[in-house]
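The lines below spell out each chain.
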Amino acid sequence: MHKNIVFTYIIFTILLLVSRLSVAELMIEITQGSDSAIPIAIVPFTNKSAGAIPENIQKIVSADLQRSGEFDPLPTNRMLSLPDSAKAVYYRDWRLLKQNYLLIGNVEYSKYTKNYKIQYELFDVNQQQRIIGEVVSGGEKSLRDLAHHISDAIYEAVTGVRGAFSTKIAYITLQGSPVGKGKLEYRLQVADSDGRRSFTLLKTSEPIISPSWSPDGKKLAYVSFESGRPAIYTQVIKSGKRTLVSSFKGLNGAPAWSPDGKKLALTLSKDGNAEIYNLDLATKKLERYTRHYGIDTEASWSPDGHSVVFTSDRSGTPQVYRMNIYDLEPERLTFEGRYNARPRFSGDGNSLFFVHKSNGSFNIAAMNLKAGNQTTLTETPLDESPSLAPNDRMLIYSTQRGRKGVLAVVSVDGRSKYFLPSAFGDVREPAWSPFLR
Amino acid sequence: MKAISTKNALALIFSASILAGCSTTGTTEDADINADANGVTVTDQEGGSESYGQGEGAAVVTSEMDAQKAEAERLAKEKEAGVLREIRTFYFDFDKSSVKPESRTALMAHAAFLAANPNVNVALEGHSDERGTKEYNLALGERRGQSVERFLVVNGVARTQLEVVSFGEEKPAAAGHDESSWAENRRVMIQYK
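First to last, the protein sequences are chains H and Y.
For the first sequence, our numbering assigns the number 1 to the initial residue and increments by one for each residue that follows.
For the second sequence, our numbering assigns the number 438 to the initial residue and increments by one for each residue that follows.
It should be emphasised that the hints constitute simulated quantities derived from the structure, not laboratory data.
Being a predicted model, the structure only gives us computed values, none of them experimental.
Wrong hints could be hidden among the right ones.
[As the list claims (entries may be wrong)] What follows is a set of in silico ranges between Cβ atoms, one per label pair, in the way DEER data are often shown:
| hint | chain 1 | residue 1 | chain 2 | residue 2 | range |
| --- | --- | --- | --- | --- | --- |
| 1 | Y | Pro538 | H | Lys249 | 39 to 45 Å |
| 2 | H | Glu379 | Y | Asp615 | 29 to 35 Å |
| 3 | Y | Glu508 | H | Gly316 | 49 to 55 Å |
| 4 | Y | Val591 | H | Val161 | 43 to 49 Å |
| 5 | Y | Asp615 | H | Gly316 | 24 to 30 Å |
| 6 | H | Leu382 | Y | Ala560 | 27 to 33 Å |
Glycine included, every Cβ here is placed at the ideal spot set by N, Cα and C.
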């Protein structure tokens, strides 16, 4: 079942005044205020048309920025004025409220084009300066996309880091209990990064695991047990078109797209036990990457495509290894504790995120590959499946809350954390999309 | 083959293992009997109740035994083997895939039956508990299935009769997030086709 959500929308970008000045200064400001989120006032967007606007732009942008943990939006009821144009901005008011930034804007609907036009402007309260402004437009279905685009622009203007609000997350839901004889429904879902507008790519009574985004964000690879045994499929998100790519005897698991999108690292046991292979998606040629009687699985590519990290228990316990794809010599990376598994590279290639067990608890840990030091980011007992936002600032993972599987997001610096709403039963196996445009 | 009640059969094996000089550390109340959808009774053992061990070949037929006695003995052994084959779930330690000593007697009964009936095929379903990562657990479940496969092959079963399928942590037998549930979930199930 594929509900067609059209991602594509057109932004008529009119850069009103692109003065991306003082990005460096702003970054210094963040460093200085490292313990606290940046105060920002996001004024309700004025409606310049007769009818109601189906989405609340102010609310969406505020929620995005707040979720990042790096911004602290001012509640509307504390605002002294509600300006909707630069002329109406009195910096003194906002300084009084200890705000660093001010976002204002308006929305206008055109009956002729059936498009909404959103104009926004961001001001630096202390510098008494307008930083960015833009007019964006799109149809009713793209109103949330436009709002996330604004969040991205604000985030980048203030932090100097590309925003990742216009991204998607894929995840698996399970309705029903696998224990007992009741009906089970597994779904492969894709939603906006704020959990909204979810839709179903696959619905089956058998387990689905390991969704993995293609680097262009257009396809997902995953493992489905719908045939009674694990097999790997790829699926085009927009059309729903599905391709069976691996169904060898034994295991077919842990698909991971190479950065150029041409190959899929995967785990097969057709030659005896769990080994990592590299499948060329065009030629269907398989190249064997590991040779060991221990378990080798959960491959993840380095962003440059030259190496692969993976889980192996060749030492007796599961640990993280790295090998370059030319000599295929595994080098052990983790030495703390008896369980380190399912590594994922950060987008800059400098860090690894993986599942680490300590004191009987499974948590998400990070390792700086240059310094080699390891830190633990989460503290609940059953944390799994870390997946980084493409800007490396947030990490989504699955955990248990009560008796339910839920998704959680933690900022990579550990300062903020939030849970994602679940539409269906248990949620697990999150995968954050790459940048989509 | 339901000539005797399960209760009597259990008593029979217990006495057999006691006769064989093996200690029984658990109690029969711990043995948990579930009927699955096909009406096949599966006896799950947990914790301290698993000491059926080494009952195999315990009875010695002496020269004084008359034919009638030997026949009775043979029937009793057959019943015992049948009951042992009702044990179709075998448990494992965390992150381990070696067959536990207490699983051997029942696995031997399956091996003997399968070796004698080469047209019978079984699936060996490997499972793990929920802890740790899903794909590692999928590989671990397979390795557990392969351990049982190896055990059966060593004991005379043709490899072509056996098929290992792993479900990793996806199909737990117990829903809890505690050691007793996890112990029930780290298992290989023999499914007769």
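Subject >> Numbered hints the structure breaks, given as an ascending list >> reply: 1, 2, 4
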